[in-house]
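For the protein sequence lines, the chains are A and B, in the order given. If you read the first sequence in this note's numbering, its first letter stands for residue 1, the second for the next number, and so on. If you read the second sequence in this note's numbering, its first letter stands for residue 1, the second for the next number, and so on.
Hints may contain errors.
Some but not every residue of chain A turned toward chain B, in silico, with C-beta under 8 angstroms [stated by the list, open to error]:
hint, residue
1, Gln5
2, Thr7
3, Ala9
4, Leu18
5, Ser20
6, Leu92
7, Val95
8, Tyr247
It should be emphasised that the hints constitute simulated quantities derived from the structure, not laboratory data. Yeah, the Cβ is synthetic: ideal placement off N, Cα and C, and Gly gets one too.
Listed below, chain by chain, are the residues.
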Amino acid sequence: MNTLQFTTAVAFKAYAELRSEASRYFLSIFWWVLDPVLSMSVYYLIFGVLMLRGGPDFAPFLLTGIVVWQWLERSALHGMGSIYGNGYLMNLIQVPKIYFPVVKIVVDTVKFGIVFLLLLVALWSLGYAPSLAYLALPAVMLVQLLLIAGVAFLLAGLMPLLPDLKYLAEVTFRLGFFVSGILFPPSRVPDQYRDLYQLNPVVNLIEAYRSILLRGEWPDWGWLLVVAAIGLLLLAAGRLVIARFEYDYPRLLSR
Amino acid sequence: MQTFDHDREPILSLRNVGVTYRRPSLLGRRSSYTALADVSFDLYHGESLAVIGRNGAGKSTLLKLLAGIIRPDRGALRDRGLKAALLARQVGFDGELTGRDNIVLSALLLGFDRAEIRAQMADIIAFAELGEHIDQPLSTYSAGMRARLGFAVSARLEPDILLIDEALGVGDAGFQAKSTQLIEDRLASDRTVVLVTHSPQVVRRLCNRAVWIDNGMSRMEGEVDAVLNAYSAQYPPAVPRGGPASLAG
């Protein structure tokens, strides 16, 4: 399978999957949008209304964080089970195993794209006008995509060897939600912990989006570079693992 | 039957190939199972090679090796990067996608390009006798419909090396006759085919050469009659009870 054949297969599978999902559910695409809005409402109610921790910009602040987080979480968790769940197919055809997580990432990225566009429209209508800082958005998204691919490849590659990883990763993501700067800004973290806190790449990613979308400011390039480096490292590790076990996965998952 | 000039380079060759499945366990007990112990043979362009052996001889593992799905643990497998595909009952099927999408996807994964797929699409649908169901999700298909689609995809798209597992009696009597005819056509043509079976009649009728695999070892490779005689001497022909109606017929 050459690169063109690989790309065609990925594109077709992602397209077919999105189309079938859109036709299967009555509200289809609407759910992709409703999901982050519902999550935002719940957290807004808890932290903004009941605990009075919000502030005037709390709703857009939350929504931005949740949308960015969901792109990462969905792609990573869907990607994780993708090789593990295709034991049957890979015992019939020699498929490059990286195909499976790549398809999942493409599908979730398209969904994110739609949700993100609607987020922009919502922000504009709330008075957060586009600014020159928007020029940095593609770079920030690319860094996030790197991180997503890294995490998804590594989890996808390891799960057939350690199926328990599923539970570990799910718990990590559930907890990660609360320490990734979705509900509060890094400035709320006590000084002595802040550097440690910002080692979480998601904190910096979400802050980068917020400074562009909500404050019209350029992101912190230094931290973004750190995130990119972490993403590249994970990506290299993930590809290495998948390549190493390319011909072992069909055996591990054959019965 | 054609004769072959074996001075040519084989397109695929196995030398002392072995495959052992190991199941790592956290409790330290590693179970292992040797599917192939020591297998050697060559495959030449244009021949119909029979791999004959009893159940459990390692035939399905051998097919996976030839299809490039797994690699041997011992020995050497040399190929020339040709497209080898399993003629399977189901190929890469995804229940949520329509039959048509599944044809395209399976074919893309098998390495065919869009033009080849477009050219074969109508034939595949007609061969599978699916009619308008082709645009329904696969999850609504009966087992027979899935089987017909799987057969049609892998039979109609022609890989360089076609790998056939004997247990192919799919569908109702009518479709079985049709699929059997198609396999026989492929075997009799000048395409490269590997047929895995335990039925000597089929081999005698349709294959140029044979390899006998026994307990994961290749016991003999050569002319069909010689290999079959040796095989029958070891396992007198009471063996094919309830054998593959599809091919023996």
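(message) Output the indices of the hints that this structure fails to meet, ascending.
(response) 2, 4
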